[in-house]
Amino acid sequence: MNEETKKQINERYERQLDKGERFWPDTIFKDLIMSLGIFVLLILLATFVGIPAEAKADPSDTSYIPRPEWYFLFLFKFLALYGQLPLIGKIEWLATVLVPAVALGVLTLIPFIEKSPHRHYSKRVLPISIMSIMVVGIVLLTLMSEVPTVSEDGSKLIGTLQTIAGIFIPAAAYILFFVFKSNTRLLIWTTSLAALSMIILSGTVLALAPEKHGEEVEVATTLVDQIVAGQDLYSVHCTECHGDDGSVAIIAGVEGLEGEKITPINSRDVLYTITDPSMYEVIAYGRPNAGMPPFGKTYGGELSRSEIDYITIFMRYSWDDRFDAPEIPELFPPLAEGEAPSYDVHIQPIVKRYCISCHRPDKDNNNYLMTTYEEILTTGDNVANNIIAGDENSYLLQTIQEHVIMNPEKPDEEMIGVMPPSKALKPNVIEVFIRWIMNGMPKTAAEAGVLFQSPTPAP
Amino acid sequence: MWKNIYLWLDERLGFDSLYANLLDRPEPKTTWWNTLGSASMFLFILQGLTGIFLTVYYTPSPDHAYDSIQYIMEGVAFGWLIRGIHHWGATLMVILVFIHMLRVFFTASFKFPRELTWLIGIGLFLATLGMGFTGYLLPWNQKAYWATTVGTQIAGTVPFLGEFTLKVLRGGPELSALTLQRFFAAHIWIIPAVLAALMGLHLYLIIKHGESHSPTKED
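Going down the list, the protein sequences come from chains A and B.
The first sequence: position 65 = 65 (the numbering used here), numbered continuously.
The second sequence: position 50 = 50 (the numbering used here), numbered continuously.
Treat each hint with caution, since some may be false.
Stated by the list, open to error - One side of the interface only, derived from the structure: several residues of chain B facing chain A at Cβ under 8 Å:
1. Y57
2. S61
3. L81
4. W88
5. L92
6. A197
7. M199
To be verified - Covered by chain B, per the in silico footprint, the following chain A stretches (three or more residues, Cβ under 8 Å):
8. 35-48
9. 390-402
As the list claims (entries may be wrong) - Beyond 12 Å from chain B on every Cβ pair, some chain A residues (computed):
10. W189
11. N367
12. T444
Honestly, the hints are just simulated from the structure, not real lab data.
What you are looking at is a predicted structure, and each value in this text was computed from that prediction instead of being measured.
Built from N, CA and C at the ideal position, the CB exists for glycine as well.
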């Protein structure tokens, strides 16, 4: 750039200053309004959107799908699509290092690459075209980042569309840019058509994208939530051997561990001498010599770090007399006179706490599973007699009221023992089951509401 | 009396020349697009302030990081607000800095005599991303842990230097307490110091050259 041009640029700037404003108060005023607006926006976001709760980091949980920060998503999508290309797709560092490094280098050196002194848009069509396609690409790749490249039925169509939108069209546009370099009209056409087709293709991809049904991980944030979550997990994983109050000293009714002597885990011996980190290890690793299997994912169990923490918190606040438990909400809302319970509101939390521990896959339970509404009604070796709408002799009602069911073909053989085997349910829980079955097992609260019978006044 | 205090201070600090040099300057007509830079700076200051509050309760160790943040959210008065602002401020800052950069590009404001301002701006952009990247790990939750795992893995693919870079970033072959510790140090000392220094230069250059005007037909 020669001295003459520099002088012209400075003169033009002086002319603009003459027509311009004062930094104080004109410019600063706008800046302050903007900053204030941002501050208010942040307070609103913090108050009404908040921060999604996440479980504690668990290095052993390899099933967790790692995702980078949202502003790097486009780069990861680019890498994933690039990996699909034939031949060069295998050379990883081309995409992870070379392409980003070149892009960043060009971005940094823009003032020295674009040397023309012109600033008006009409004289900068080529650079603006290049940047526009880049920005459109980055935004679209970010939007598509959640869409897999292979659909569930194994079709690669969706991945191909993404690769065309995210790599081929921009690449083709860049090649055309340098062919049409000096023709403004063609440049604008190329940019518009490329951007439009990228947007349309990405829109198609997003429309075709399989619906997300990612596993909802429950994260308890408040102490009460953590205790309740811990109790539910305890009910599922621990009750079988330790009993629902942790008082079992001799295991009963568990295949392979029958008669095993254990220390009651609600005792001071356990709670006062085992610290939280040791408790974590005991639950995660188990006590192989005493027959306790590992529960932590690290050692092949099912529980994540956070989940084991919840169980420990539940144990502390329920049995350790050094901890004052906060008020825990009822398991289910008490039934009014004549009210029919529903699966969603009453049965599900009860089943989760008292039954699922054994009545889930891979347990000794006569194939009776209770993890969903459908399973409760349609599984089990004795499904025909187990739950019969309006029948007080349904096996389920019999067994929870401590009546053993004998085998109809061999009258002295016990077919189903009392349930739960270790400790009888509380009367109000049994009442819920009876009313539920007598009212025809309504699923939702709405279905149950229809069955509400207002108590008949005594004559 | 106030007048005397003012005069005493003015003799020593020179309010008048500060006013003349910093505030009472001519500017070309500016638009709302010109506010993005100062908005980014505002966010940096806000992130600094909320960040300082957070360090009062935050513990950078794998055993306590998660619980200390849980405590900030549930136990500390207005902790949820401070962390909420810090969390969303980080997201917004990345967006604002990026749009600010695009604005400068599209109006060609990086051209003579403002080339150096652009170079420093790139440094600021990278430092902002670095703040985001290091801050993301600190909550030590699943999202943070695995995002950092894949993020640092990328560094490991660099030919020849990959393994070394990966070890420097993680403080070992795996993500560990050391990783958390050094990300914390980078997040609260190293990168903010770099960012603040670059911001000072950036501001000096803006005051020296003035804000660029929106390009006109004759430019």
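Handout entry: Hints that the structure is at odds with (numbers, increasing)
Key = Checked against the structure, the hints that fail are numbers 1, 2, 6, 7, 9, while the rest are satisfied.
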